[in-house]
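**Student:** All chains should be built: construct the whole structure from the sequences, respecting the hints.
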Amino acid sequence: MTAREFDRQVRNLIELGYPALGGLGAAEFEALCAPLRAAVPDQEADVTAGRVPFLLVVAREVAPVERTMPLTALHGKKKPGFVDHSFEPGALERFVAVPSVAVPGHRVHLVFDVERGEEFCGVVPNDAMETIAGRGRTPLTIEEGIALITHFPEVLVKNKCFSLGGSRSGDRRVPAIWISQGMPKLGWCWEGNPHTWLGMASAGKRHAA
Numbered sequence: 005m006t007a008r009e010f011d012r013q014v015r016n017l018i019e020l021g022y023p024a025l026g027g028l029g030a031a032e033f034e035a036l037c038a039p040l041r042a043a044v045p046d047q048e049a050d051v052t053a054g055r056v057p058f059l060l061v062v063a064r065e066v067a068p069v070e071r072t073m074p075l076t077a078l079h080g081k082k083k084p085g086f087v088d089h090s091f092e093p094g095a096l097e098r099f100v101a102v103p104s105v106a107v108p109g110h111r112v113h114l115v116f117d118v119e120r121g122e123e124f125c126g127v128v129p130n131d132a133m134e135t136i137a138g139r140g141r142t143p144l145t146i147e148e149g150i151a152l153i154t155h156f157p158e159v160l161v162k163n164k165c166f167s168l169g170g171s172r173s174g175d176r177r178v179p180a181i182w183i184s185q186g187m188p189k190l191g192w193c194w195e196g197n198p199h200t201w202l203g204m205a206s207a208g209k210r211h212a213a
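Sequential numbering from 5 applies to the sequence shown in my numbering.
Hint data in this document are derived by calculation from the structure and do not stem from the laboratory. As the structure is a computational prediction, the values presented were derived from the model and not from experiment. Among the hints, erroneous ones may be present.
Pairs of lysine-lysine, DSS-like flavour, derived with a Cα cap of 30 Å [claimed, not checked]: (1) K82 / K162; (2) K83 / K164; (3) K83 / K162; (4) K162 / K209; (5) K81 / K189; (6) K162 / K81; (7) K82 / K164; (8) K209 / K164; (9) K189 / K83; (10) K81 / K164; (11) K189 / K82; (12) K209 / K189; (13) K164 / K189; (14) K162 / K189.
Simulated restraints, written as ranges between beta carbons of each label pair [claimed, not checked]: (15) W201 / R98: 21 to 27 Å; (16) R71 / R139: 31 to 37 Å; (17) P93 / E48: 27 to 33 Å.
Every residue gets a Cβ at the ideal spot worked out from N, C-alpha and C, and that includes glycine.
**Tutor:** Structure follows, in structure tokens:
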């Protein structure tokens, strides 16, 4: 997966209207992302296995979660993704990166060696996050999970959905993305409750220019 894939992801975000969400023009957005191009690895994605070498991620300060989730769709489908009503007003703003997740404080960043994490289907989320940490990996944040299905919608499939343990709100809820009524849904599940259809997405590391 070469720099051509990086360029594809930049174009994808521009076509979806991400620059406008942050008050940027297309050229400004390209310039913002350009310093990251040299860091992308020369590896291929295996979307069937839910493994992706890298993702271009936009911070919520530029592209708010409640605006980007409706820009997603299942592979080959048109029905837009949505944020579940179980998030009470103001809740999404409280789901931020946990201290152990070193998210760069930049408007855009890369996340490398991404795994959908279906090996953790049926595993208690807390236990899955402990295993991930023990491997020196990091759970994905909400923004990174949205980036995964934005750039690779093929990854979100029935019975192989995923939690996003990198974002928490200080309570027992763990955000997750799964399929509901033929659409991607951003919801949450309890940290102590396993689900046979819900794994835990993770990454190897992050990078910002």
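**Student:** Give a verdict on every hint.
**Tutor:** A quick look at each hint next to the structure:
{"no.": "1", "hint": "K82 / K162", "result": "holds, 17 Å"}
{"no.": "2", "hint": "K83 / K164", "result": "holds, 19 Å"}
{"no.": "3", "hint": "K83 / K162", "result": "holds, 16 Å"}
{"no.": "4", "hint": "K162 / K209", "result": "holds, 27 Å"}
{"no.": "5", "hint": "K81 / K189", "result": "holds, 14 Å"}
{"no.": "6", "hint": "K162 / K81", "result": "holds, 14 Å"}
{"no.": "7", "hint": "K82 / K164", "result": "holds, 20 Å"}
{"no.": "8", "hint": "K209 / K164", "result": "holds, 22 Å"}
{"no.": "9", "hint": "K189 / K83", "result": "holds, 11 Å"}
{"no.": "10", "hint": "K81 / K164", "result": "holds, 18 Å"}
{"no.": "11", "hint": "K189 / K82", "result": "holds, 14 Å"}
{"no.": "12", "hint": "K209 / K189", "result": "holds, 25 Å"}
{"no.": "13", "hint": "K164 / K189", "result": "holds, 13 Å"}
{"no.": "14", "hint": "K162 / K189", "result": "holds, 12 Å"}
{"no.": "15", "hint": "W201 / R98: 21 to 27 Å", "result": "holds, 26 Å"}
{"no.": "16", "hint": "R71 / R139: 31 to 37 Å", "result": "holds, 33 Å"}
{"no.": "17", "hint": "P93 / E48: 27 to 33 Å", "result": "violated, 42 Å"}
The structure does not agree with numbered hint 17 stated previously, though it agrees with all others.
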